[in-house]
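Asker: Protein chains in written order, with the numbering used here: chain B, 5 to 829; chain A, 418 to 668; chain V, 12 to 303.
Keep in mind the hints are simulated off the structure, nothing from the lab. Be aware that one or more of the hints could be misleading.
If you want the ones that stay clear, here's a sample from chain B, every Cβ over 10 Å from chain A, calculated [claimed, not checked]: (1) T329; (2) S346; (3) N348; (4) F395; (5) L681; (6) T703; (7) K705; (8) P750.
Partial list, computed: chain A residues near chain B (C-beta under 8 Å) [to be verified]: (9) S454; (10) K456; (11) E470; (12) D472; (13) L473; (14) G474; (15) G527; (16) Q528.
Listed next, with one range per pair, are the computed distances between beta-carbon atoms [claimed, not checked]: (17) V:P64 x B:P451: 21 to 29 Å; (18) V:E302 x A:T467: 31 to 39 Å; (19) V:D70 x A:E590: 25 to 33 Å; (20) B:P451 x A:E590: 52 to 60 Å.
The beta-carbon is built from N, C-alpha and C at its ideal position, and this holds for glycine as well.
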Amino acid sequence: MLPKTSMVTLNINLVLFVLLMPVGRGETKTVSNSTPPVLKKFVKAEYPRSAVQDKVEGTVILELHVDKEGKVSRAIVIESVRDDVDRAAIEAARRFRFQPAMVKGIPVGSVVRYESSFVLPRDNKQTGERKKQRKKKTIGYGKAEAAGNTGKPKPGSDSDSIAEFTQVVKGRRPPRAASDWRIEVSGRLDPGTVSPGRLLAMAPGLHVAQHGGVGKAQRIFLRGFDAVHGQDLEINVEGIPVNEVSNIHAHGYADLNYLIPEVISSMRVIEGAYDPRQGDFAVAGSVWIDLGLKHRGLTAKAGGGSFGRARALIAWGPRGEPDATFAAAEYARGDGFGPARSWNRAAAIGQYVLKISPGTNLKLLATSYTGRFASAGVVKEEDYDNGIQGFYDTYDPHQGGLSVRHQAMAAVEHESNGSRAELAFHAGYRELRLRHDFTGFIFEYRPIDNPKERGRHLGDLTEQYQEGLTLGGYGSYAKEVRFRGGTYALEAGFRFRHDRADQSQKRLRAVDQEPYWDEIEAKLAVTDIGLYLDAEARPSSWLRIRGGVRFDTLSYIVNEPMEYYGKGNRRDAQGVHIGPKATLEFVPGHGLSVFLCYGNGFRSPYGIALSQGERTPFVTVHAGELGLRWRLGDWLDVSAAGFFTHVAEDLVFDHATGRYLYSGATSRAGTTVSAKLRPLDWLYAFLSGSYAYSVLDETGKLLPYTVPITFRAGMGVKRNLTVLWGHELSISARLIADVIGPRPLPYSEETNTVFLLSADFGLTWGDLELSAEAFNLLDTKWRDDEFAYVSNFHNNQETPSLVPDRHFTAGRPITIMAYLTWHVF
Amino acid sequence: MPGANRYRSHNLVLLSFFSLTCLFQTSCGDTGEQRTSFKMAVSAPDDMGTDFENDLGWKVVLDSASVVIGPIYFFSGEPLFSMSRLLDWLDPIPTAFAHPGHYVAGEALGQVLDQARIDLLSEMPQVLGTATGVTGLYNSARVYLKPAGDDTYSVLVTGTATKDQDHVSFKGELDVEIKLEGLPCGIHVEPGKAGGMVMFVDPRIWLKRVDFSTLAGPDQDGYMFFEKGTSNHSAFSRGVDNAGAFSFSWK
Amino acid sequence: MKGKSFSKMTWVAGVPALLMIFSACGDSGTGGTGSGELQVTTWGEDYIENNIPASAFEDGYSVKYAKFMIVLGNIKIADHSGDVGATMSGQKVFDMTLKGPHQVQDFKNIGAKRWDRVSIEVKPAGADTQAGNDIDAKDLALMKDNGYSFYVQGEMTKGQSSKTFSWGFSLSTEYKECQRAPEDGGEVGVSVPDGGTAVLQFTIHGDHLFYDDLASPDAVLRGDAIFSSDKDQDGKITMDELDSVDLSSLPENEYGTGGAPDVYTLADFVKALSRTVVHFQGEGHCHSHVED
């Protein structure tokens, strides 16, 4: 029926953990027990006369979006030959008709990769006048043989690609910039377990520290930003914001510990603020996480390791349901690698996708989490040098916290020919109690009503408590049209969130941890309503223009009942931010893309620091980038970008006093480079590095605490070994090296350079999986985080040291975990 | 707003320039001040001889003047009064205060945690210890005078005072801890600056308002002394408390 | 060939231009471009308008001011980057015993943002000094003729005995970087809301002249030393009489001079205290800078 040479190949979803694919936001899941699309009607492309005359030949690689009806809704040029040749290939491909891909009998959209070769007639091969085309299978994993005439893959030809293809539920959005990455997470063959923090750290240039104990939000560094606990990085999970507005401990506090890593299907990291969908806290960039459980059936996983670590997990993905339908629960604990570091947590996540009608899905999500942890705090560098304090010791064992989070979401998605719509609502409850003691005995008690007590140092142990509710939602509508040979897409959407919080900060006595001083008490009601418009134009194959604008209205009501001797201080403010964004992408061909981007973003202010009637209660961010992306087949993906970010009024967080200070305008410039290689189908390597130079505009001085240089390199193997007793045996292993360059500290000092080596190993046999991971293989003594400020831990009131000193939090020594995973059914 | 667009032309160019030159040096710029240490010495003012005349007409000759000093802290906060010029012993300037107790010390920039007995009649400045801290403008200082080690006193001065026919051999001694806050310093400690800081303590100021004719004693060593509760003791004690006795310089 | 409907040049030229337009209109920063009103007032509170009751004094004295005149001027409302929002350059004399608060200046059209560098001066009255509130013409002349920056006249009473005092001060002090008290939020400067009014008050604390310590935060009000300085027993306490009292004659635990240089007499002490009467928004304070 089909010509011998008309082959359709399947797009291989790269299932490996660290392979970064710039394919934009959308849910890409791999499913088993499904069938790929089958080509029913093939249309031969016309070889343009102008190309023949110019003796132009080559292979045009296209990405075809096949909808649920089997029609080609979109054809995107991945590799171009020339304008006219590309157009000829597209025109023909658009007339293809497929039998759509199926998941358990339900037609779904899919993406196929198609190569259209234009070969000039050679004397000894073809007859003169007629143009010929030859279609061949795409190069994948080094296997070049055709998969057959019918367009179905040959079973067993490539174990990774058995019945795997991408299933598209939402529309795919192409990358916004050269530093817009998608990290595919879940995969059957991945070893070990990865915490959300280490997951974030997989993105190039993103560095994560954990100075407060397992259970506290990570400290994030990106693009020259010390995002503290999330003030400069917008994090969403299934569209639900994770950052907490005006959290008592840190603005934008993003506690990812409620996520169970096994149900994260992918993570999109956008560095920079170039997408109109990016909102509050997207100063350095955004991370958007999608949930899904790849393996269908029941999975049980348990393991343990160093320092009393133990973890048990049950996950269930009903067969016949998409990856987005799952339920999972976990319990984990550990004693910690030193005193005052024990922790335990329990989490449960469930999501259900219900098909309402063709093209329309209802998604319901619920998550629940509670975690309690102890924290060792800091060690003063001087005390460590003098042998007074060990590297892993603690001054105050009463530090730690408890974090609780419950949330639910309902979302409706609809996709039909050329358009896509979604609407979602979510509600969440959150409670956080933190106790920390960074300074010892610096705080001077000065009660107004008791002069005798004045000047005493009762201890700096600080309790911060926050309880709150977040309500929000989002919706969008996108449509794509074709006009005069070009493709144009328009999207309009909204995002809103309303946060209410009760917060307090108290000082606790060193002797009995009873509160003796109320420092802060506040109630907040914060609303952020955002509207965005996004347009994309592809007037020709070599040019893509994306631009949009986002409008946000922020309003605040802040009440501090204790102020003014109990009369209270209530104030309100409201303002509007308009943020235009634009990206130009030039596609000269040969897998190259050049990006030029500009974005205007914002960050909401810290509630307590607001004054009455402030007209612009937010901070403006200007970001720009010039980037390059180069992809060659599946085996090379290189990106490089130079960026610039300016923040109008930056926030500097003083850990010692727990206060925010507006430092003034800051500017950052730098570069990010990343490369992924896959020389063989079972061997891959990657490296990435970033450099950022960050200064305070007013003085031109370097900003302390930022991370100027990071570098990461790794390689891994993933291979099927043999078939043992009727079951497939496969192995995977990975080695990663991290270098974190010296970071500037106040007083023109630097932190130590950190070098860490980590490794993963996994062995899969049928339904069983044995995995192990080792962190800090060389067992180096490294400093997770370093600070410079005044402290007095020994309550030495005779001759206390009052000048700022260096402090550090100890990084984790070698930690090994081993797991056994059983895919029960 | 005038400031808002500054960054576009000015800082953008500067930043690109810095980025290029600092491409491979992470600490090319600095984050502000630097850690530093310097020697801290104490002495009497240069112009001090051993004899002088006080406000009440007594001619005083000092045999000994020593003080146990330490610790000393330097702060960024402006002293309780800011002076347009340094205190000049010969031409006292009226003082000013913000508010009792409203001296805001601010950040501690430097400190000397050592304690030592300083002989103010010694020719050369005596080193109290090594100060550690960070560079910056040391606006004000907090100085402790308190007994330490073998010394039971914080301040000790002996000598003779003569007026008309009266000739008194006196000893002034304080054994309490004295804390002096907000002493004006005003020295900019710069990175890599050679030399050290000298604190001048002027014992003449201690005896400025003392009337030697009404001292108590003599004690077992033959000295006339300041009895607690008398106005002479008060004058002596207030003299020691007088911030005018202290000044700082970099040498 | 079909498809070349947009010329490349149009795109190359037009899109950057579009970007420029967008970026310009998106820049709103944190300063805001609105405007509001800022009223600068001054007030003597109850201690000056009525009296300082005996319960406030450690030794049972009470003080009633008949006149409490202070020269306020050279107000500057600016921010830390140097932008100046408004200034008042002249000087005005206020008698704080009159019922206040009194308006010093009303800045009607000042930028709506946070102004964190607020400063004011107290300087001797000059030829151009005007009356700030309803003060007597003779009092205004008194200030100008004597070059006073600050003048008080009143009565001290304990039990049946009472004495009067009248003191003039010619000191110059600048008060800058004014900040609210920590218990009131510690806000530096003032924040003007868009389309609204903010009030900034320089509160004058009349009791400061009677503190018994220059440095200690635990200073209390005392009247005895001042009351007893009336050497000629004429019922009037003059500045010269204060100057004749050496602090060494006072109890050692009172009238501490802290880190102040050269405060020897009660007159030196009261003069030092006179610089401390100006406060900010109630209990807040400013850095004071000696100018003479």
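Asker: Determine for every hint whether it applies to the structure shown.
Answerer: Structure-based check of each hint:
1. T329: About 48 Å separates T329 (chain B) from the closest Cβ of chain A, which puts it past 10 Å; holds.
2. S346: holds (36 Å)
3. N348: holds (39 Å)
4. F395: holds (22 Å)
5. L681: The claim stands: L681 (chain B) keeps its Cβ more than 10 Å from every Cβ of chain A (closest is about 25 Å).
6. T703: Non-interface label fails for T703 (chain B): nearest chain A Cβ at 7 Å, not farther than 10 Å.
7. K705: violated (5 Å)
8. P750: It is violated; P750 (chain B) is separated from chain A by about 5 Å at its closest Cβ, not greater than 10 Å.
9. S454: It is violated, given that the least Cβ distance between S454 (chain A) and chain B is near 10 Å, above 8 Å.
10. K456: violated (16 Å)
11. E470: The hint is violated - E470 (chain A) has no Cβ within 8 Å of chain B, the shortest such distance being about 38 Å.
12. D472: With a closest approach of 35 Å, the D472 (chain A) hint is violated.
13. L473: violated (37 Å)
14. G474: Violated - the Cβ of G474 (chain A) stays beyond 8 Å from chain B, reaching only about 41 Å at its closest.
15. G527: holds (6 Å)
16. Q528: Given a least distance of 5 Å, the restraint on Q528 (chain A) holds.
17. V:P64 x B:P451: 21 to 29 Å: holds (24 Å)
18. V:E302 x A:T467: 31 to 39 Å: Holds - the Cβ-Cβ distance for E302 (chain V) and T467 (chain A), about 37 Å, lies within 31 to 39 Å.
19. V:D70 x A:E590: 25 to 33 Å: This hint holds: roughly 31 Å between Cβ atoms.
20. B:P451 x A:E590: 52 to 60 Å: Cβ of P451 (chain B) to Cβ of E590 (chain A): about 37 Å, so the range 52 to 60 Å is violated.
In summary, the numbered hints that this structure violates are 6, 7, 8, 9, 10, 11, 12, 13, 14, 20.
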